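Take these sequences, add in the hints, and give me the full structure.
There are 2 protein chains.
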Amino acid sequence: MTITDIARLAGVSPGAVSFALNGRPGVSEQTRKRILTIAEEHQWLPSSAARALGGAGAGVIGFAVNRSAGTLGAEAFFTDLIAGVQSALAKNRIAMQMVLVSSIEEEVATYRRWHSANQVDGVIVIDPRDDDPRFPVLRDLALPAVVLGSHASEEGHPATIWLDDSQVAHSLFDYLSALGHRSIAYVAGPAEFQHTRLRTEVLAGLERGVSGEVIATDFSPAAASMTMRRLLSRRERPTAVVFDNDVMAIAGLRVAQEMGLSVPVDLSIASFDDSVVAGLVHPSITCITRDTFGLGAAAAAFLLEQIDAPDVLADRIGAMPQLTVRESTAVPR
Amino acid sequence: MTITDIARLAGVSPGAVSFALNGRPGVSEQTRKRILTIAEEHQWLPSSAARALGGAGAGVIGFAVNRSAGTLGAEAFFTDLIAGVQSALAKNRIAMQMVLVSSIEEEVATYRRWHSANQVDGVIVIDPRDDDPRFPVLRDLALPAVVLGSHASEEGHPATIWLDDSQVAHSLFDYLSALGHRSIAYVAGPAEFQHTRLRTEVLAGLERGVSGEVIATDFSPAAASMTMRRLLSRRERPTAVVFDNDVMAIAGLRVAQEMGLSVPVDLSIASFDDSVVAGLVHPSITCITRDTFGLGAAAAAFLLEQIDAPDVLADRIGAMPQLTVRESTAVPR
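Here the protein sequences come in this chain order: A and B.
Take the first sequence: its letters are residues 1 to 333, numbered as in full-length UniProt numbering.
Take the second sequence: its letters are residues 1 to 333, numbered as in full-length UniProt numbering.
Rather than coming from a laboratory, the hints here were simulated on the basis of the structure.
These numbers were taken from a predicted model, which means no experiment stands behind them.
Take these hints with a grain of salt, some might be off.
Where chains are identical, the list cannot tell them apart; a pair therefore holds if satisfied intra-copy or between any two copies.
To be verified - Dumping the calculated EDC-like pairs for lysine to aspartate or glutamate here, alpha-carbon to alpha-carbon at most 20 angstroms:
1) K91 <-> E305
2) K33 <-> E106
3) K91 <-> D218
4) K33 <-> E105
5) K91 <-> E106
6) K33 <-> D266
7) K33 <-> D5
8) K91 <-> D131
9) K33 <-> D127
10) K91 <-> E105
11) K33 <-> D140
12) K33 <-> D308
13) K91 <-> D308
Structural data, given as structure tokens:
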């Protein structure tokens, strides 16, 4: 049973059948129904089945996210990334299929399932690790993939879009050091995150007699507030506090204001993540500004190229995040 | 070619074949490869094709979003909603397929395409309108759907989870009126939004001689800042300003502080949307708090029931948003 057979039985053109079966405008509702009835009676193979048999694309890219649903909702990174991915897919009428997984093993199993069912044409992979178990599986499945990472990919691994996070850390810590800060506290996320390690190394390596202190937290505003109260209750306070994200920085700013300190006169505050709100609070917060939307769009576009390409493409370097200086940082007293 | 045939050729149990083909753990890498090679050589029909033929579920729900990618990234509503949907799907190993569309016609075409290709088992629909063209199509396709709306569904329309938005508006405007505010400005979104209309009606209907003024904006913080400067430059200033979302309220708070006004002593500020940051800025902002994550989870769970159910289920009422009073509102001077 082909589209031409259905067209003959329905007394319409094969083009009209294709429109009707693919849910596109261009045929009347009455004709559409007649065509669908005939296709159904003759057990016409719908397009996803045909694609699965014929090996053509599913028209879908996959994104398996190893996060809890709660974390996903709290991180602006994901909204921006997903919106960027969608912006690149929308013009190609390609959908994104997203699923939350609770372990890297479940993520690997998801890739196998997607591949065996021909449900996706390629995947976006985040949070690469050392000896990552996902990469050999993706290679064996020959499933196109683009990784978002902080360094170039190794031989045989999927193509990567990467950013040099230690350069990012330098742009913020060097600036505070140049302003004259000699005691800088860094309120970080969990120590196992690669970017936390890189930032810690940069802070420890600053010259000019800067003493740096790192406090690991769970990224929550509550932990940021608690840490800030402790830091500001000391006899020897830091003169600058840097937070891993904007929500923690805003929580820290509030604590400073509650304790009667004026920012930036008594204390400088900065953040490694930016947001619209970070630029609106009073004083506005000095941040590292990243184009996460652009990163998502670039990753999706790169993945579509990868799907079309016969071989794995070369790595790309993402747009470098920039230091945005606002009202919350100044020369220390 | 069945799973049993493949099992015989590979010299393993049919269960092992099923594990291997569905990408689940439980077989060695070597066995998995042998099974996949045999399945490929004998052109075994992968599961999405089998499902499309057999009529079983795709294991995917669809979400076609009629927004620009930029808007999607700026609205916390979507992150929270998607995270909530994922929380309900994750335990069932069901994926969400999401696509951005640029018109309601494209949205309808997407539903037809998804249906004809058996790509999704059901859809979540937002922003219902009068004489909504999507509803008859969804009914004709017999595609299970759950609508997020502000009133009960009509006869023959998909099941709806709805919230009474005029009750929400009352909870905020009545409170300000009870505090003694007699001149309230409402900095709203575009006038065509149903909730803007409802809130405007509630403000206009307040008793006790309250004069309400509505200023329509494009939801941007820039428009909120500009509006706030104009309102506060008048000889007769409002004593309370209510914003449609938290980002606009934070922009408005900043303008008030820049102009030397003390919030809430000189001016009360409130927002119809809450966020973590709204509770962290200084002063923290009185908001309507919604459980959008819970709404997403409820919608996905309702949709899964709908997919299993033979008939359209009855509407449900979502969790009522609550007024969260913080530091930004007080009795006017």
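Outcome of the hint check:
In the homo-oligomer, the alpha carbons of K91 and E305 lie at most 20 angstroms apart inside one protomer (14 angstroms), although the nearest pairing across protomers, at 33 angstroms, exceeds that limit. Taking the shortest alpha-carbon separations for K33 and E106, only the inter-copy value of 19 angstroms comes in at or below 20 angstroms, while the best intra-copy value is 41 angstroms. Taking the shortest alpha-carbon separations for K91 and D218, neither the intra-copy value of 38 angstroms nor the inter-copy value of 24 angstroms comes in at or below 20 angstroms. Taking the closest pair of Cα atoms, K33 and E105 come within 20 angstroms of each other only across two copies (18 angstroms); inside a single copy the shortest separation is 45 angstroms, beyond that limit.
Proximity of K91 and E106 under a CA criterion of 20 angstroms is satisfied inter-copy only: 12 angstroms between copies versus 31 angstroms inside one chain copy. For the homomeric pair K33 and D266, neither the shortest alpha-carbon distance inside one copy (73 angstroms) nor that between copies (64 angstroms) is at most 20 angstroms. In this assembly of identical chains, the alpha carbons of K33 and D5 lie at most 20 angstroms apart only when taken from the same copy (16 angstroms versus 39 angstroms across copies). Taking the closest pair of Cα atoms, K91 and D131 never come within 20 angstroms of each other, the shortest separation being 36 angstroms inside a single copy and 28 angstroms across copies.
Within a single copy, K33 and D127 get their C-alpha atoms no closer than 47 angstroms, and across copies no closer than 27 angstroms, so neither meets the 20 angstroms cut-off. For a Cα distance limit of 20 angstroms, the shortest separation of K91 from E105 across copies, 15 angstroms, qualifies, whereas the shortest one inside one copy, 33 angstroms, does not. Only between protomers do K33 and D140 lie at most 20 angstroms apart by alpha-carbon distance; the minimum there is 9 angstroms, versus 43 angstroms within a single protomer. For a Cα distance limit of 20 angstroms, the shortest separation of K33 from D308 qualifies neither inside one copy, at 35 angstroms, nor across copies, at 25 angstroms.
In this homomeric assembly, K91 and D308 come within 20 angstroms of each other (Cα to Cα) only inside a single copy, at 16 angstroms, whereas the closest approach across copies is 33 angstroms.
In this structure, the earlier hints numbered 3, 6, 8, 9, 12 are contradicted, and the remaining ones agree with it.
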